[in-house]
Structure formats: structure tokens, C-alpha cells
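Q: As you go down the protein sequences, you meet chains Y and D in turn. Position one of the first sequence corresponds to residue 1 (the numbering used here), numbered consecutively onward. Position one of the second sequence corresponds to residue 1001 (the numbering used here), numbered consecutively onward.
Hint data in this document are derived by calculation from the structure and do not stem from the laboratory. All values reported here derive from a predicted model rather than from experimental measurement. Relax, there's no trap hidden among the hints.
Listed next, the in silico SDA-like pairs over lysine to any residue satisfying Cα-Cα at most 25 Å (straight line): (1) D:Lys1413 to Y:Leu162; (2) D:Lys1076 to D:Glu1277; (3) D:Lys1143 to D:Ile1042; (4) Y:Lys26 to D:Arg1202.
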Amino acid sequence: MNQEFFKKNYFELLGFPMSFEINQDKLKENFRQLQRVVHPDRHANKTDQEKRLAMQMAGHLNTAFETLTSPVNRAAYLLSLENMPVDFETNTSMAPEFLMEQFEIRERIAEKDTMVRAEIEQKRSQLILALADCFSDSHQDLTAAVEKTRQLKFYDKLLKELT
Amino acid sequence: MALLQITEPGEKKDTARQYAVGIDLGTSYSLVARVEDDISEILPDEKGRFLLPSIVHYSQSGETLTGYDAKARLLKDPAHTIFSAKRLLGKRVSDLDQIAQHLPYQLSDESKGMLKIALDSKKISPVQVSAEILKALKERAEKTGGCSLAGAVITVPAYFDETQRQATKDAAKLAGIPVLRLLNEPTAAAVAYGLDHQAEGRFVVFDLGGGTFDVSILHFTQGVFEVLAVGGDATLGGDDFDRAIVNYLLSLLSMSLEDLSADARAELSQLAKSAKENLTIDGLVQLTLKLPVFNGFEAALTRQTFEGLIASHVDTALSACQKVLQDSGLSMKEIDQVILVGGSTRVPLIRKKVTEFFQKEPLVSIDPDKVVALGAAIQADILVGNKSGDEALLLDVTPLSLGIETMGGLVEKIIDRNTTIPIARAQEFTTYKDGQNAMLIHVLQGEREKVEDCRSLAKFELRDIPALKAGAAKILIQFQIDADGLLSVSAKEMTTNKAASIQVKPSYGLTDTEIETMLRESFSHGEADMQQRSLIEQKVAGEQLLDLLKTALQEDGELIDAEETRKLNLAMQTLQEALQQDPVDAIREKINELDKASQTFAERRMDKSVREALTGKNVEDI
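Please put together the full structure from these sequences, using the hints given.
A: So this is what it looks like as C-alpha cells:
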């Protein structure tokens, strides 16, 4: 793709600086503003070339928005831009204590422990705060950020399974 | 005194409005609507009736009747009178559970693909039945409007899968209707309400039709309708309530459906339908069966008994509401309005349960039978270009997850349900044996983990993968869903960069050849008519393309340099000449060439409008 639109990273595309902390309301607002321009419905009576392009651009914008909306995907994307790939698929080695904790949570889910959901949500929120700290200018620690992003993925997966 | 407008020769002539309509192709009834003087209105037939029964009668001599004329044959000739064809779209007989045995007409399972309806010696596809209904609506629209249709927005249940969407689009093709967009029914209803009330907020649309149930949650803000989540059941509807009554009657009669003739089944189902309708007003109805086989059977049915019969169906609908609310991430308090859509929401038990569930009095100010078509017409008017750009935008989602089969008969999801469309998503896969040089790609749709629990959409083979060690070859599979919710899949071997782009036509759908054949059959002079029609179509397409590019060059000509402009002009001139004299294939080829030649120009124009959108914003922010 030799087009300005596709060369921008997701942050540039949606009008934000490259940062983990992001104003979600503003993000939604910019997303809607851009969709109002690129969406195929806006180009329904244009040439096929423009229609195709509109579909690709709207799809790209949807992916960008989805990536920046979810903390785990936003962190992973930010790290990939910093050349610190998270590799969810291939890199599966986790700290033993963390795996132990995951194991216990899974046991409690299996035992239908009703308190476990709130607890996972709380741990997840704490992790997101810690992650924001790793990305901050004052305490920047990208190696720790990679670790925490991978942990966050585990919590997201647990929550998804619980619904 | 008014001055006459004279258009310059060669200038764009049609400043006139384009004629586009919205079509609600329903299980029981269909409607067509248009926007006239900024108001969306349903088009009636010459007798003033708005609804067209979705029924088609096929006579021995090969003629067809649609709508009320066909409905009049339901009891007289049930084996040749096809109703509820929408429930058969994209299905096999085995998908239908108990619906099949309730139908008075015969179904025939095909070795490959969608079921067909057996009419004596002939077999027809449910797609053809739907096409007949669409033709009748097209005719009505063209008669009312006094001109031919530029296109239509056709609505489909949000919960329709790929095969059902494709089947609907195929039916439109057979009916000769250019489809501007397939639009989800609840989204269409929300458009009608949202624009009517000018109200921003979060809507639940509860849409219970004759044969399908959808529940959608939408957020309308900043002029954008965002669908947050959809759910439902593509096989739940008012028909099920009729069947519940039929089964109840059968138990009173101590009879079973297999013992009954087509005529007797038809009488039962007609009686059940009218009983259900009367029970929306009355607390009690008298039921009488006239055919001799029923021995003068009479019974009374109270609303209370009826509600007992349909309770489990109502529960199914409510649990779908629970699930979609969870998917949307909203709490009950955050819902501002609940909209009721579809004739079956007239059933008092449904209204009561929905009100209790959402703790809110639902909106019913627009006729639940008409609201979908009215919304579709508004969208059609926008898409055909009659509005100038500041109207509401719809962002819809895909209702079901899409994935491919991996080792062990499991499905790896590539696009999750409720993802905003259009969307493209790619994932890398690899080989599992040394030297493996081919790979079977099996595309599936559904939420379950195992292949056998999901809907198989298509299978295709990727060949000539370089022989490498297991796990070394990298194959990138890309799924793309367009704004109609339709899927295309492509695969690429990354080490050799060999692409195998495959347009996925669902294996349950009709093939292009089948559609061609059906189209040909529908013309009186077959081949010659087809040729004539496609020549006209290509000429119109060519002229449109030239017009659009001329306008675009006037607006943004400075975006391309002299050499690029020269090449584009040359391609335009070549097409212009081809339009005068060339055969259809040559015109098509020149259109494609011009389309390619305009790529850079199109890209720069898009980039420009994106830049303007952002700059416009920054100015506001300051």
C-alpha cells in the first residue's frame, strides 16, 4: 500500500500521540469523525476503485480503533512499534508464581466460586495501572511492560471464558 | 418567470434524483418504501394494500402468482403454493428440524448445496421464490415512481449467516434489482426511529418476525449509528407460535401430521395463524375445522392456554436478550429506549415480557410491520446519492464468528462476532508434515469450538506450497467482510509470495453458473436477451465511470502530475471510443483498464478527504 493513510501508525491515524494512556471518549470521537469520511456508504456512488478503497480504509480504521480501545492490544501494539514484540503465540514462558496463581484461579472457577470474577477484574485493573507506569516517561521499563502485557492477556482470556 | 435550464452537451445530464427504494423481504410479508419530499413512505399496491404476502403460487402451466393472489391458493392448491421461503434460504432439509414436516409442499435435498422445493417434475430453489417476491415489489415501485429503479437496500435479519445473505443477494440478482446494500433489519428500524425522534442514545431493537428473531443494541451519537452487539435466533418467529397451536390441535384430535394430506395441513396452519392473530385482541377464540377428515372438530382456545404453549419460545428470546446485553458491555440502566419491530411483537405476552425484562415501556409509535422498510428507504436514498453528505452513518457488526478448521477438528476463530464491519483480518498458519505441499482450507461460521457444530461455508485447496520441513512454510490467510456482511477469503504462501486468492462462494449457495442459467430461463428469448441486457449494463457502467472521473478531475485534477493525467486521459478516451462500437467483452475490459489507471488518483483523493477531516477537527478544537 503506497498510500498515506496506510503508512500512518494507528496512533497517528486516529490523531493521538504514541502513548499507553489514551482518552477513550476522544478516541471514539475521532474514530467516528474519520469513519464519516472513509466509510463505503459515503462513497456508494463513486467509481469501483474508490468503493474498494473505501472498504479497505474503513476496515483498516476499524482494526486501528479496536487495537487502541483494548488495553492489552494497545500495549502490544505500542511495544511492537518500539521493536519489543510481545509474541503472544510463540513466547509462552511465564514466571512460575504467575502460573501458580492462574492455576488456582482456574480451580476456583471449576468449583464455581462466585467471588472469583470480581477478583480477576480487580487484578486486571491493577495490572493496567502498573502497565501505564511501565510506559510512563519517568519510569519507562519496556521489558517489564512486555511481561505485564502477556499477563494481562491471561486475565482477559479468563474473563472471556467466564461470560 | 422561471428560466428553462439547458444542459450543455456532454455535461452530466441527470441532475435529477436517482430512484431508490428500501425493501423488507420478510418471512410472512414483504414491503417496499421510498423517500419522497424527505419523508419515507410505504408504497401500496393498486388496491391500497401495503403488505405483500411473501407467497408464490406456481401453476401447472408454469405461470406464477405472488402476494394476495397466491395467498388465495394456499388452501386450494397447497402443494404448489410456497410460503415462508425465507426460512429455507441457504438450508438443507436436515437443518430444518421439525419445520419441514409442517410444510404442505415438498422439499428435496440436493446432494450438494441448498435444498430445493419439488413442484411435480420441476425443482425450484428458495432463491427463485424470493426472486419472484422481489420482482413483484420492483414492479410496484417502478409503477408508482414512473421510472426504473436505480437500486434498492434490501433488509436481512441481523442474525443471518453468510449463506443466507448470499442467497438474498442472489435473489435480487435474479429479480434484476441492483443491490445498494444488504442492511440488517434491526439497524433499519433504529434508523427509522432515530431520525424520527432526533434522539441520541442507546437503543435495544427487539425484532420478532414471522420466522426470524433479532435483538440488537445500538448507540446513536455524533450522527453515527454504532451497532454494539447483535444476537438472536434465525429460526424463531411467529411461525413457531402457529406450529405450537397446530401441535396442540393435533393432540386434541389424537392425530399426527404424517397422517394428514397437504390440504388438511394447510387448513390447520391457516386456522392456527388466524387464532394467534385474534388472540392479540380477544381473550378467547373458537376454532372450527371444516374438512371431513376432522369430523366437524370444534374447540375453544384461551389466551392463557396459548401463552402456555409459546412460553418456551418466549424464554428463548429473552435469554438471547440477556446474552446480547452482556456482549454489548452495557448495564440495563444504560439502555435508553426499547423498540419493538415485527408483526409477532403484537402478541401481548411478548410485550409484557419485554417490558418486564428491560424495565421500560417499549416504543411502538411506528407500525412494527412497516418500520424496517421505512428505515431501509432512508438508507437507500442516502446510498444512491440523493443526500449531500451530512446524514447519519451506520456502523454495523458481523453477527457470527468466522474461522478455519485446524488440527483435531477444531475451529480457529479469525474474526469474532460483533466485530465492526467492513473488516479484514489475517492470520498465519503452517504445515504439520515435512514436505507437505498442499493445504485444505475449510472456512466455518459459528461460535462453537468443534467443526461439526459450526456452519461449513466453503472448502478450498492451496496447492504448490514449497516442500519444507513441518512448520517452516508460512501461509497467511486473510478474511475480509464487506459492508454487506459478505465474506471473501484469500491465502498467500509467504516464502514464495504465491497468492491464491479465492472468492468464497458458500458451498450451500448457488453457483454462478446456476444463477446464469436461471437468469437465462427468465428471459423469453434466452441468450439473445441476456446478451442485449449485459451490453446495455456495460455501456451504462462505462458512461457512469467516465462521468464520475470527469467530475473528479475537475474537482481534484491537481492531485496527479502531468504524466499521470496523460495516462488517465488516454484510458478514458479508449473507453469512450469502445462505448461507441465495441462488443460487450471489449467494453468490460476497457472499464477494468480505466479502473486500474485511476487507482493513484483515487488514493490521493481519499487521502485528501481524510486530511481535510482531521484539519477541520483541529480548527474546531482550537
